[in-house]
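There are 2 protein chains.
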Amino acid sequence: MPDLVLISDSSMFGEDIPSICYGLRGLTYMQIEVTGPNKDLHSGSFGGAVHNPIQALSEIIAQLHDKNGRVTIPGFYDDVRALTRKEREAFKKLPWSDRKYAAELGVKQLYGEKGFTTLERLWARPTLECNGIWGGFTGEGAKTVLPSKASAKISMRLVPDQSSAKIAKLFERHIKKIAPKTIQVTVKSLHGGEPAITPIDSPGVTAAVAALEKGFGKTPLYQREGGSIPIVVQFKQLLGIDTVLLGFGQPDENAHAPDEFINLDHFYGGIQTAVHFFNELPSHMAGSRKKR
Amino acid sequence: MPDLVLISDSSMFGEDIPSICYGLRGLTYMQIEVTGPNKDLHSGSFGGAVHNPIQALSEIIAQLHDKNGRVTIPGFYDDVRALTRKEREAFKKLPWSDRKYAAELGVKQLYGEKGFTTLERLWARPTLECNGIWGGFTGEGAKTVLPSKASAKISMRLVPDQSSAKIAKLFERHIKKIAPKTIQVTVKSLHGGEPAITPIDSPGVTAAVAALEKGFGKTPLYQREGGSIPIVVQFKQLLGIDTVLLGFGQPDENAHAPDEFINLDHFYGGIQTAVHFFNELPSHMAGSRKKR
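So the sequences go chain by chain: X and D. Using the numbering used here, the first residue of the first sequence is number 1, and each one after it goes up by one. Using the numbering used here, the first residue of the second sequence is number 1, and each one after it goes up by one.
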């Protein structure tokens, strides 16, 4: 039986900023279909008589966040593990500018749950996003249809200790509750995955921190990742072991694209770090066992 | 210079129910595009940082009707000509069942502006309909995109004395006003047409009523139509003359479809009515001239 798993599939925080990723978000991916009239209608002859399914779907989606950017599904936040003071402090040490980030993304103003920094929202808070919407006439020009159906794909990113299956149920129940009687709604679950976290004082993480310090000559920073690596959850569930995410790439290196590259300094720093990691690990494991 | 125009492009109210159509709605057809981030993003890595354009568009659309089904655009109803008591009474004489209509359309409950009957809403009240919406991933399965853009086609049916150009301006101003600072919105006008009404005491209409009575052996009912026949507006604007809409088809005869048909009784009744119309017209025109 192994003591832990090491995966190099995460990024460093930025150029020459070694970091250790200790948390991943999970996912609940749903699809909603709203049906109004039993066929597409002429919006002149029928407009004013029935609830337009695009309008009804929009009204449902608009109710899923409150004015503070919080998800309104009852129970949605119940199982969210609060950030520790140590984690919040660690995130604050990361070099970050909301203004620069907003400019890079081309938005005048960021948006999200009030009371949390951008990195906290991205890594440690659950979110609800519309991934797709469609209904009616979507081609060039004007067609006066009052459509029969409108649909949306909506997914939620989860954090420990939320459960993907439980969130799917809460979502479905809430949508059915707020759907007006003028339309019919179906909700189905397309996909799910659990969130994962490796405690920052676990031996794998403390060994990785010591190794990064030696490999890069700098104290690494702690970060999480907003996306998901499903196998990490399976290692924990099936084998009961933590995964250390020790990656050396950078976010702008076109991962998975034909022109992917890696900074050579990070490549050599990564080799050093890997060697140090295996040197460090036994004493950290021993220390951990002693504590127990 | 002609005295009036006669068009047979409207329907009778139903089988063996001769009716005269004296009003058509106009149209203002708009398109909205909401842009959030400058490119499609990964909903895991970025979910929680920016306002999702599908969400923002849904929030905009959800604000366009109030709880009473009224359009919330300031000034939208300012130029609406109120129904006369005579018109409301005439509509009430038409054979109508909301329950039967809802069942035919497959909805549990009708929807629309409170304080008006279904026929009033369809024929004599302006409405706002979403004709199309699209954004993000709309294929089979789950793709975790946080899209850069979301769009909708929205049209409004107009009644006398609303102006298509004025309503387009009010719409654009309102959308820009309610759009949040977290996104950018563009609004464009795709198409417009004016509403039309032919007074029910005008000589063409009174002659048509007398002709229908003789042609079908029944007093005809008055109705309007929720759709538009743009040429009617142009005859009024360019020639200053009213149009009489004297049609003999029925709503369920598959107009414009390959298997279009016409009830033979209505066909022969229509021939009789047309003959009577031209016999009746001179005296009604003379009576009208005398009144002036």
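There's no promise every hint is true.
If chains are identical, the list can't say which one is meant, so a pair holds when it fits in one copy or spans any two.
Claimed, not checked - Here are the simulated BS3-like pairs of lysine-lysine, each with C-alpha atoms no more than 27 Å apart in a straight line:
| # | residue 1 | residue 2 |
| --- | --- | --- |
| 1 | K176 | K218 |
| 2 | K181 | K67 |
| 3 | K67 | K93 |
| 4 | K218 | K100 |
| 5 | K86 | K143 |
| 6 | K181 | K100 |
| 7 | K86 | K188 |
| 8 | K188 | K108 |
Hints are computed from structural coordinates only; laboratory data are not their basis.
A quick look at each hint next to the structure:
In this assembly of identical chains, the alpha carbons of K176 and K218 never lie at most 27 Å apart, being 52 Å within a copy and 49 Å across copies at closest. For the homomeric pair K181 and K67, the shortest alpha-carbon distances inside one copy (25 Å) and between copies (14 Å) are both at most 27 Å. Taking the shortest alpha-carbon separations for K67 and K93, neither the intra-copy value of 29 Å nor the inter-copy value of 48 Å comes in at or below 27 Å. Taking identical chains as interchangeable, the C-alpha atoms of K218 and K100 lie at most 27 Å apart only when both belong to the same chain, with a minimum of 24 Å there against 76 Å between chains.
In the homo-oligomer, the alpha carbons of K86 and K143 never lie at most 27 Å apart, since the shortest distance is 57 Å inside one protomer and 34 Å across protomers. Within a single copy, K181 and K100 get their C-alpha atoms only as close as 46 Å, which misses the 27 Å cut-off; across copies the closest is 17 Å, which meets it. Neither within a single protomer nor between protomers do K86 and K188 lie at most 27 Å apart by alpha-carbon distance, with minima of 39 Å and 51 Å respectively. In this assembly of identical chains, K188 and K108 lie within 27 Å of each other by CA distance solely across copies; the values are 22 Å between and 35 Å within a copy.
The structure fails hints 1, 3, 5 and 7 (numbered hints given earlier, in ascending order).
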